[in-house]
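Visitor: Chains as they are written, first to last, in the working numbering: chain W, 1 to 558; chain Y, 559 to 1116; chain V, 1117 to 1403; chain D, 1404 to 1690.
Just so you know, the hints here were simulated from the structure itself, not pulled from any lab data. Hints may contain errors.
Just a few of them, taken from the derived set where beta-carbon distance is under 8 Å, the chain Y residues facing chain W [stated by the list, open to error]: (1) 651; (2) 653; (3) 846; (4) 847; (5) 864; (6) 865; (7) 866; (8) 884; (9) 946; (10) 947; (11) 948; (12) 1084.
Straight-line alpha carbon distances no greater than 25 Å define the calculated DSS-like cross-link-like pairs of lysine-lysine that follow [said to hold, decoys possible]: (13) D:1656 / Y:632; (14) V:1255 / D:1656; (15) V:1304 / Y:958; (16) V:1393 / V:1126; (17) Y:674 / Y:560; (18) Y:727 / W:500; (19) Y:1055 / Y:1065.
The beta-carbon is built from N, C-alpha and C at its ideal position, and this holds for glycine as well.
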Amino acid sequence: MKYNVLIGGAAGLGIDTISILVEKILKRKGFFIYSNKDYMSRVRGGHNFIQVRFGTEPIYSHWPELDVIIALDKETVEFHAERLCAAGVIICDESLKIEYSRTVKAPLAQMAAEVKNPRALGSAAAGALLKIFGQNLELVKEVFIEKFERETAESNYHAFQLGYEYAPKYFEISAANKDSHILINGNAAIAMGALAGGVSFYASYPMTPATSIMTQLSMRQDDTGIVVEQVEDEISAINMALGASYAGVRAMTGTSGGGFALMVEALSLQGAMELPLVVVNSQRPGPSTGIATRTEQSDLDFVLTAGHGEFPRMVLAVRNPEDAFYQTARALNIADQYQVLVIILTDQYLADAAQTIEPFDYSRISIDRYFAEAKDIQGERYKRYMPTESGVSPRIIPGKIAGAVVLSDSHEHNEYGHISESAEIRTAMMNKRMKKLELLAQEIQEPEYFGVEKPDMLLLGWGSMQGPMREAVELLMQEGKPVGALVFGDLYPLPTKLLKKYAGTAKKLINIEQNFTGQLAKLIRQETGIFMNDSILNYNGRQLDSYTICSRLKKEVL
Amino acid sequence: MKYNVLIGGAAGLGIDTISILVEKILKRKGFFIYSNKDYMSRVRGGHNFIQVRFGTEPIYSHWPELDVIIALDKETVEFHAERLCAAGVIICDESLKIEYSRTVKAPLAQMAAEVKNPRALGSAAAGALLKIFGQNLELVKEVFIEKFERETAESNYHAFQLGYEYAPKYFEISAANKDSHILINGNAAIAMGALAGGVSFYASYPMTPATSIMTQLSMRQDDTGIVVEQVEDEISAINMALGASYAGVRAMTGTSGGGFALMVEALSLQGAMELPLVVVNSQRPGPSTGIATRTEQSDLDFVLTAGHGEFPRMVLAVRNPEDAFYQTARALNIADQYQVLVIILTDQYLADAAQTIEPFDYSRISIDRYFAEAKDIQGERYKRYMPTESGVSPRIIPGKIAGAVVLSDSHEHNEYGHISESAEIRTAMMNKRMKKLELLAQEIQEPEYFGVEKPDMLLLGWGSMQGPMREAVELLMQEGKPVGALVFGDLYPLPTKLLKKYAGTAKKLINIEQNFTGQLAKLIRQETGIFMNDSILNYNGRQLDSYTICSRLKKEVL
Amino acid sequence: MLDPRIYDVKDEISWCPGCGNYNILPSLKQALAELELQPHQVVIVSGIGQAAKTPHYMNANGFNGLHGRAVPPAQGMKIANKNLKVIIHSGDGDSYGEGGNHLLHGIRRNVDITHIVHNNQIYGLTKGQASPTTALGQKTTMQFDGNTSDPISPLALAVSIGCGFVARAFSGDKEHLVEIMKEAINYKGYALIDVLQPCIAFNKVNTFKWYKDRVYKIDDTSYDNSDRVAAFQKALEWGDNGIPLGVLYRQEKSTYFDRVSYLEEGPALVDRIWQPKDAERFMEDFR
Amino acid sequence: MLDPRIYDVKDEISWCPGCGNYNILPSLKQALAELELQPHQVVIVSGIGQAAKTPHYMNANGFNGLHGRAVPPAQGMKIANKNLKVIIHSGDGDSYGEGGNHLLHGIRRNVDITHIVHNNQIYGLTKGQASPTTALGQKTTMQFDGNTSDPISPLALAVSIGCGFVARAFSGDKEHLVEIMKEAINYKGYALIDVLQPCIAFNKVNTFKWYKDRVYKIDDTSYDNSDRVAAFQKALEWGDNGIPLGVLYRQEKSTYFDRVSYLEEGPALVDRIWQPKDAERFMEDFR
Ligand SMILES: Cc1ncc(C[n+]2csc(CCOP(=O)(O)OP(=O)(O)O)c2C)c(N)n1
Ligand SMILES: Cc1ncc(C[n+]2csc(CCOP(=O)(O)OP(=O)(O)O)c2C)c(N)n1
Ligand code: SF4
Ligand code: SF4
Ligand SMILES: [Mg+2]
Ligand SMILES: [Mg+2]
């Protein structure tokens, strides 16, 4: 059983606070949660909303039909009332002129006034909501105490109680289990993965929807002894990270497409210097500034070949908060092991979508640095780019071994790192570097598969489409459709085993992507010659949900 | 009949002057010329050389076998003597200790001393060369008068005469025709095309091998009234060009891969604003600084998708100086007509390779600006992004029409250019912009084809590979091989008519590229599903010649 | 004088109620109207940020480009059409952070444009991180333990590069702001105005009151604003000892147009008359 | 003192014979040797250009990065390992042109690095175009009718941003150069040395003789280099009236390490001890 609540209003009215309260309380009561955000690029005004889905089974994505709307303003009702299901309820302040019959017009402002805290209006609304879903008050007060300062906790909890008392009960749902989950969004999970993976240096410039990765790290820098540096521009961010990587620490940077574009020259520097580096691109709709606070998957083909000249790289997309955690830690290891660039793709949808998941298993994470030691360095002069069978040269930390100096160079260079224009050395160095692509191909993880054993219709997607596609497959299977979905995490080198297996027998291949040109389909064509038969593409800045996927499949494809 | 001369020495010794003299004189005498440069990234010292091929038939490329070496230092002989053909001759100063039998050890330094101009040594060597090829002195003096200041012209010509008198005659060649050609390299031809095409503003930052485009324009800015601005960085170059384009002038910028990387964010701005823009990327070996003064074709896949988000673009590669001229002028028109980005790819080989070609036909060039006028603007408020059937909106020059203001925006916007986050407007604007890809597809020119009517073996290449591949096909056809070559100029949208025609019947498809990963092959796979059977790839910074292509084909493929 | 309302547009403004930007916008309209400039003669150029939304809130030509990159297109369009009045409106992060290099070299190039910085000493649009003018040690939504970089003095910086018009205004003093804007727009060359602008949402230190309590107007009778060293000294004044408002430095110098003489003397570049055949003569160089 | 020859490498140097860079290289070796720094304790960081080839001509750790981007990696590696002596050697184009923004913000950040600019007032490696320090009107291989931008005074710029160590030296005066280098390397914070360096190939105006005839050493007894306004005035001195050499401005101030106290107090970041399990406690925030 699942319910879906929308909390809407202008920026600055406090929908965030309501959703945090509601999510935390429902989580503590043992429900599964999935919440996602839809907000405008402004600080006050406009129209923002958060959708909180909760229920007794795991939830992987958002959903269009609403059971309850908490409307902090009239627009919220105007924009979303049509999505209310038949039994749906609206909660709002009594002052709003709303016609809809099943509306709980509570004196929310008055309740806030009663507790002498005008900002506690949202807590009153949260109280009404909890009552509507027939929840008791167990575990609630604790959440207020955690979230607010002492005095405001009192007044907010009081307002909550008033709202709770006022509202009728509409729905019946109770959680079967005790809460054992964490509730975390994609960006926080990346930050947690980076911390677990031993990142020591994160240089970045604020850019939505990547900023919160930096914030999550920054708030813990004291505690961990890492350095999080906000720099003057993205060019500095990546070059500074490369400098730190050269000096031997795990370094990382993150940004969105426009900032990533500014990093492109230095991606290629990574290629020449063979310094481990992890770069996160949290995508939003382009081109250019586009829509700053919305979602898209349109940077895949860009990041696959970003950078002048040729050098190996790995590109992966994270699919949900759990994946984001483990993959970030994995990326740091791969970058170190092969001295390569690893690009992590995420997007605004995932960045801001919070999900209840199993607690991270830290024993699954290791920090593998692959440094050479004094005894491993052959000969008298250290060869930073020593030819080896694998293409990976022994790397040391500058300053740690007396007598050994480390020379890294952006030009073509010989094994010592010295500039060289020799045709032979050039060819050898290109071969050495590009050979790592073979090693990376061995590291590659196959896409996740959901569906029947032999699907007639194979859906293909990547990254944040995982949740919606997983749910869509479930819905279609319930209708008896012979369907399956491959959702790629690792994208380059492209894993092709499962792809070839399922594509070999499926009658229809359909890529589902949040972009215009079908970038995954293009990559698959390029790497395998496999063509899609059809595609579901969406590029309006909002994530497709499983419902829409199913109905578009039926309308456009089936 | 063709001969091949190499002029070699350290940077700063004056090999440029010798080659200019030799090329000009031979040209004036009615020979066809093809010369190319191989130089190091330094101002003095090292080893540089220029190869000058000349003959009685058109020449399309360089050639490995040498007939004459002018050696200004010993290294020149050490490095290149093995390439001398049996009848080959070396010219050098008597002081050089050289063992080779057919060496004209002339007292070049002494001749220079005799004319009281130590820098005239090269002219003496040029004189010796002319004599060796049995040329008379007709039309020679004029070249000295043109090239040097009054007094130095005298002394240099005198030195030339001394060298001429000293040397014996070795070869017999005479030109059939009067000189009617121009002798121009790829970068100068791009600049000439830009001037003919009415470029008014060129903003750029020096970067080899693109700098000489700016130099060629800069030296004529007074004369033409255009503005050539050297800016602080490449980010400024492209943004300034976009500002100028917004204001209504034809604007262009040029750089090499590293500078292009810095422009990537603004490419995407072009996409959002729909401002006409032409960007030249003159390629050199990467990754990163790579080898600054050498050649490569490794930025194709990079420029195809450079920029975050999705927007239409056209990518073309110029194939020789003649092509460079016409294509640059064409690019400026296409950019204006569709308000798109046109990326022109060239490379160091072509940038510095001079060829005798038919004079440019200026009557073939037109400057078509496609501006709307006051009467074309419907309604009261100007809609910069008015929806139209074609996707191209009427564009006006800001400031020219009282009452009409032009708003260009990097965000997603409505038809007026105002920020919008609406899902509907977003979708409509994406559709509008991307629709231009269909228009561009109609503009696309098919690749050039050389070879037999139904080739068994089809070679595929692009850009500067045209000359070497054309000659390679001729050589293979002389051997009776059923071979053909498609050389792409327009690359994106990819023209596929001839490709499908020839690929349909050929038994072997082989891409020949100056890169590691076979980027054209990848593009063809992606766009058509056609896979190559084999490839000849070279990435040592030196351009493949036809001889090497043929021998590698025989060794690796046939 | 024109009616400033010709610059109005109906589109909704998305700044927070109470934001300092609300005073700058009408000041600009007022200044332009007083200068008798029509909307189509003016271009408002910006980067990205709250301040950088200004082109959307004006009926004038507008170019809302990339974060940090307002200066290059502004120069490009002025060079292309010298008849346009080109005015940059952008934030402190945009102008001094991401765009620092263009400011530096824009001043050197001395194209005749006006650069108005809405300096709220914070990154507003991205929700409160430190900007290049945020005080050392100030806590923000990103710098939890306080900002670790020294703030710059934008005016001292501009004076050091030789900017010929360097001024400061306060969004809370509209009349003065309008006067400074007019003077800057009329100045021939690169003119920089740093406008103190409270961000009520994210800068809880440099509030309206904080500025109001500290700003004072330079005394034109005793202060010689053509003295570069004195201007530098004045530009360093900040904080509790007072924050000077006014034109701190003014120097007439040759502009880009003086230096590229055919631009100064001839028609605007956009009006250049040119046919392909006009370029044919350059082929002679390759004969 | 160490033997400066431990810094020698055998690889060929590709600078033009007679280039001013030839004096800077041994000065650096001398300074490092006198400071008893071993090659593995030092990193030479550079961008791209003739000056930027320095890391290749030294037996020390080296990072020869991107054009204009020497400052960011230098800061990154110093933050990562505070035990390294990080010294930037790069050109005027690199440091003040393409890299201008990083200089500005590097100074603000005040990481303890030394930035030595080989200022030949020209782009050497790319064959003679104007740099940000080329004189207005000077003809070059690109500016055929003369440079149209005002040159900057790098020292005035650095003083204006509050750089705590701002000096000028001349490649023709090795002894003085070595002394300045030593002082800069020992200084705690961002130290900038602008070294006048004749480019014999492309700058025919600012020749060895041109510099030689104009440079003079600041008189330490009468000049107070802790006075920022005086330093600014001194920094503006240029050309026929004399070019001052020496430490124009010196101010002790808190460095980046002082501001991020656990870096100052703890081990170097590269020696941080950390296990995945150490991060487990942060999961509590998501319960
Ligand atoms: C390349 C790039 N990096 C980062 C951003 C995100 N961004 C948008 S506005 C802004 C800061 C704005 O601060 P400021 O210029 O001071 O303007 P304010 O909002 O304070 O008026 C940032 C970092 C971006 N749009 N582009
Ligand atoms: C992004 C980028 N743009 C341009 C270049 C080309 N480039 C290399 S060095 C240089 C200028 C060097 O001038 P300067 O820094 O003064 O050094 P110098 O050679 O005079 O010592 C330029 C423009 C480059 N390598 N990278
Ligand atoms: S965030 Fe600050 S600068 Fe932005 S609109 Fe709100 S008050 Fe103004
Ligand atoms: S070009 Fe100039 S700076 Fe470069 S090595 Fe030669 S003299 Fe020195
Ligand atoms: Mg700001
Ligand atoms: Mg220089």
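Visitor: So which hints don't hold here, by number, going up?
Guide: 1, 2, 8, 9, 10, 11, 13, 16, 17 and 18
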